[in-house]
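Peer 1: Listed below are the residues making up each chain.
There are 2 protein chains.
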Amino acid sequence: MKTILIIADGAGDRPEKALKNRTPFQAAHTPNLNALATKGINGIMDVIAPGIKPGSDTGHLALFGYDPHDYYTGRGPFEAAGAGITLKKGDVAFRCNMGTVKNGVVADRRAGRKPTSEFVEALKQIKIETVHGVTPIVADGIAHRFALVLRGQDLSWRVTNSDPHDTGMPVQQVKPLEKTGGALRTAKACSEFMKKAEHILATHPSNKTRDPPANAVLIRGAGIATNMPAFETKYGLSTAAIAKGTLYEGVARMLGMEVITPKTATGDKNEDCMAFAKETKKALKRKDFVFLHIKGPDLAGHDGKPEEKVETIESIDEMIGELLDLDALIAFTCDHSTPCNLKGHSGDPVPIAIAGEGIRTDNVTHFDEIACAQGGLHRIRGSDLMPILLNILNLNEKYGA
Amino acid sequence: MKTILIIADGAGDRPEKALKNRTPFQAAHTPNLNALATKGINGIMDVIAPGIKPGSDTGHLALFGYDPHDYYTGRGPFEAAGAGITLKKGDVAFRCNMGTVKNGVVADRRAGRKPTSEFVEALKQIKIETVHGVTPIVADGIAHRFALVLRGQDLSWRVTNSDPHDTGMPVQQVKPLEKTGGALRTAKACSEFMKKAEHILATHPSNKTRDPPANAVLIRGAGIATNMPAFETKYGLSTAAIAKGTLYEGVARMLGMEVITPKTATGDKNEDCMAFAKETKKALKRKDFVFLHIKGPDLAGHDGKPEEKVETIESIDEMIGELLDLDALIAFTCDHSTPCNLKGHSGDPVPIAIAGEGIRTDNVTHFDEIACAQGGLHRIRGSDLMPILLNILNLNEKYGA
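Top to bottom, those sequences are chains R and C. First residue of the first sequence: 440, per my numbering; consecutive thereafter. First residue of the second sequence: 440, per my numbering; consecutive thereafter.
Take the hints with a grain of salt, since some may be wrong.
Each pair may be met inside one copy or between any two copies, as identical chains are not told apart.
The calculated lysine to any residue pairs, modelled on SDA-like cross-linking and capped at a C-alpha distance of 25 angstroms, are [said to hold, decoys possible]:
1. 528 / 569
2. 492 / 831
3. 782 / 561
4. 456 / 440
5. 717 / 646
6. 717 / 766
7. 456 / 835
8. 614 / 572
9. 635 / 610
10. 673 / 785
11. 441 / 797
12. 492 / 506
13. 782 / 727
14. 492 / 504
Quick caveat, the hints were computed from the structure, so don't treat them as lab data.
Using the sequences and the hints, build the whole thing.
Peer 2: Here it is as structure tokens:
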């Protein structure tokens with residue numbers, strides 16, 4: 440039996456006034472998700488632990504069975520992997536923005552949100568000279584985003600951000616957070632990189648006409664690449680990820696998954712979910728385990744738009760209709776809740792349904808946070824998900840004799 | 440209040456097609472189990488942890504509150520204790536078969552499954568000479584089975600099996616799995632034991648007529664006897680085990696329980712459950728805590744026979760009828776699931792009912808995997824069972840003041 444793990448990003452929610460005190464999952468018309476719940480076993484899941492608010496990175500790691508306490512230091516490595524950099528153990532990686540500085544303070548943290556590829560290209564000439572044996576690697580991202588990796592011995596992720604996270608503030612110095620040689624070396628290399636980048640950007644021909652100019656590098660999310668075993672090695676399952684979004688693609692790549700992005704994918708609220716279903720069906724012919732990620736609900740949550748979240752869920756429901764009849768084990772859940780009235784992540788547990796051959800079907804007939812809580816899975820943790828799926832697949836080792 | 444813990448070995452299951460997509464517990468006629476569920480509190484239990492497939496040994500240890508991660512290295516010590524050897528801390532024990540070798544390869548891993556007592560008796564003369572201070576102890580088991588214990592200082596369970604686990608393969612050398620002196624000494628002692636055993640068996644008069652001959656010793660399941668506190672010491676409860684089966688008797692003996700095996704016990708699918716009830720009632724007059732173990736359902740599961748599993752459950756149900764009216768706390772559950780369509784253990788949670796004075800009765804009225812999941816216990820772990828029972832008995836210590 441093959442497996443599809445579908446993550447509706449940030450789709451979990453709280454009762455929303457605009458939806459007559461229902462959650463988006465409760466308010467949406469979801470005949471296919473309800474069919475999945477009806478034939479499956481359901482529950483709620485604390486992706487990390489009760490009350491803990493997961494990030495998108497730590498949430499996904501936990502769901503795949505990689506304890507973020509062991510493997511996560513910062514978002515940088517996942518963004519860098521998503522931008523196409525193949526990380527080595529010990530690399531320190533950062534998420535970066537091109538920003539606009541005016542009169543010594545940040546005027547726009549995103550330099551007008553416009554693509555900055557030619558600027559990123561220009562930064563590739565930078566060499567670190569004040570710290571021995573450190574090489575910077577940059578890769579372009581979406582719009583104003585790019586990734587920076589420092590490669591070399593004895594580097595550390597324990598450094599501060601240069602991004603002040605607010606306009607009207609000067610770009611910060613990257614400072615060591617501890618007195619180890621690694622943190623000092625990393626901070627020094629960042630400072631040199633930023634100084635040289637500033638010089639290159641100030642004189643870059645494209646900035647003569649660009650408004651606002653891309654004249655500052657805002658660095659954040661330092662993390663060190665840890666020794667993560669590939670998903671296939673860990674579980675013996677060949678895997679593909681059907682995803683659109685640097686972070687999700689990055690997590691998948693870091694775990695050695697083949698990443699497939701549908702050509703028509705937007706990564707936005709108006710996602711072409713049917714294209715994701717199509718790629719999933721195709722990938723399932725070659726792979727044991729397909730991870731299907733849809734970003735839309737999380738964006739509607741961050742925007743505080745319950746009705747839009749309902750629409751993203753209904754698109755996902757249509758997609759589920761394409762997958763329901765496959766001879767596969769299907770798990771449907773979220774990486775975290777993003778309640779619209781919080782406009783951000785929360786630590787509320789997420790609903791989960793698992794359906795397939797051999798499942799102990801329960802009495803749940805509607806997929807939502809409240810109904811699933813009555814299901815036969817009860818309340819599990821993200822770290823339980825892979826053991827539970829492997830058990831249904833009868834791929835788990837016996838502990839004892 | 441006295442306590443009876445009843446383990447229906449491997450009785451948990453999945454929906455079985457032959458039972459109209461019901462589990463054996465759902466399909467069986469179980470008026471007494473249902474009465475127990477009705478007057479009790481119910482739930483599902485991950486004997487080790489969600490999705491983890493327990494062995495019979497690790498499962499029982501977990502249920503008795505002995506974390507297998509602390510106390511378990513292999514099945515050998517429990518089989519040896521079940522065969523009547525009183526183990527000392529540091530003893531390394533093995534499960535052994537008498538097998539048949541022809542033309543250098545194993546032709547029958549069980550030497551025709553016939554008793555081999557006289558051969559085991561002959562092995563008692565073996566002395567280990569190449570490793571200083573090691574004494575072998577052997578004890579006869581059921582049919583072709585026997586136990587081997589190596590006693591001496593600095594021994595290790597980190598050695599391979601001599602049993603190739605398949606016919607057509609030569610008997611393997613026992614090899615150290617690590618470079619410690621203990622592993623090397625143990626492997627060397629095993630090799631000497633096997634060589635001498637082979638010689639004794641080759642010339643044993645009973646082999647002149649026996650077909651197939653018992654001419655090889657197949658060793659597996661190495662484990663070291665750990666420092667397990669007696670059940671009575673740990674909980675302050677005098678205990679008896681009513682059980683039939685080397686492993687279950689062995690676990691009970693390792694925990695210092697008095698083991699009682701009904702004379703008519705078969706240890707098979709056709710168990711004389713009523714005799715177990717009778718012994719339980721008798722033991723309960725002398726003891727605080729009786730562990731009652733019935734093997735049948737597990738065997739039906741391993742054989743892939745759902746209808747037979749239903750029958751074993753119905754026999755158990757009759758037995759429950761004998762115990763229901765006792766003034767005792769009764770806990771009924773399984774050590775693991777053995778789904779008939781897997782013909783082996785699984786990591787599916789097992790149903791559990793606890794009934795007795797002071798229980799918070801819930802709305803469950805049928806004992807099975809699906810109904811119990813709706814109960815007041817929710818989803819617990821094996822390691823929670825003894826604390827929950829001690830709490831109902833009000834024998835638990837206050838944590839704090």
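Peer 1: If a hint holds in the structure, say so; if it doesn't, say that too.
Peer 2: Here is what the structure says about each hint:
For the identical chains of this complex, residue 528 and residue 569 are intra-copy neighbours only, at 23 angstroms inside a copy versus 47 angstroms across copies, given an alpha-carbon limit of 25 angstroms. Only between protomers do residue 492 and residue 831 lie at most 25 angstroms apart by alpha-carbon distance; the minimum there is 11 angstroms, versus 28 angstroms within a single protomer. In this assembly of identical chains, the alpha carbons of residue 782 and residue 561 never lie at most 25 angstroms apart, being 36 angstroms within a copy and 63 angstroms across copies at closest. When the C-alpha separation of residue 456 and residue 440 is checked against a cutoff of 25 angstroms, the pair qualifies only between copies, where the shortest distance is 17 angstroms, while the shortest distance within a copy is 42 angstroms.
When the C-alpha separation of residue 717 and residue 646 is checked against a cutoff of 25 angstroms, the pair qualifies neither within a copy, at 42 angstroms, nor between copies, at 66 angstroms. Taking the shortest Cα distances, residue 717 and residue 766 sit within 25 angstroms of each other inside one copy (15 angstroms), while across copies they are farther apart (49 angstroms). For the homomeric pair residue 456 and residue 835, the shortest alpha-carbon distance between copies (23 angstroms) is at most 25 angstroms, but the shortest distance inside one copy (44 angstroms) is not. For a Cα distance limit of 25 angstroms, the shortest separation of residue 614 from residue 572 inside one copy, 20 angstroms, qualifies, whereas the shortest one across copies, 46 angstroms, does not.
Proximity of residue 635 and residue 610 under a CA criterion of 25 angstroms is satisfied intra-copy only: 14 angstroms inside one chain copy versus 69 angstroms between copies. Proximity of residue 673 and residue 785 under a CA criterion of 25 angstroms is satisfied inter-copy only: 19 angstroms between copies versus 29 angstroms inside one chain copy. Taking the shortest Cα distances, residue 441 and residue 797 sit within 25 angstroms of each other inside one copy (13 angstroms), while across copies they are farther apart (38 angstroms). Taking identical chains as interchangeable, the C-alpha atoms of residue 492 and residue 506 lie at most 25 angstroms apart whether they share a chain (15 angstroms) or sit on different chains (20 angstroms).
For the homomeric pair residue 782 and residue 727, the shortest alpha-carbon distance between copies (23 angstroms) is at most 25 angstroms, but the shortest distance inside one copy (36 angstroms) is not. Taking identical chains as interchangeable, the C-alpha atoms of residue 492 and residue 504 lie at most 25 angstroms apart whether they share a chain (17 angstroms) or sit on different chains (17 angstroms).
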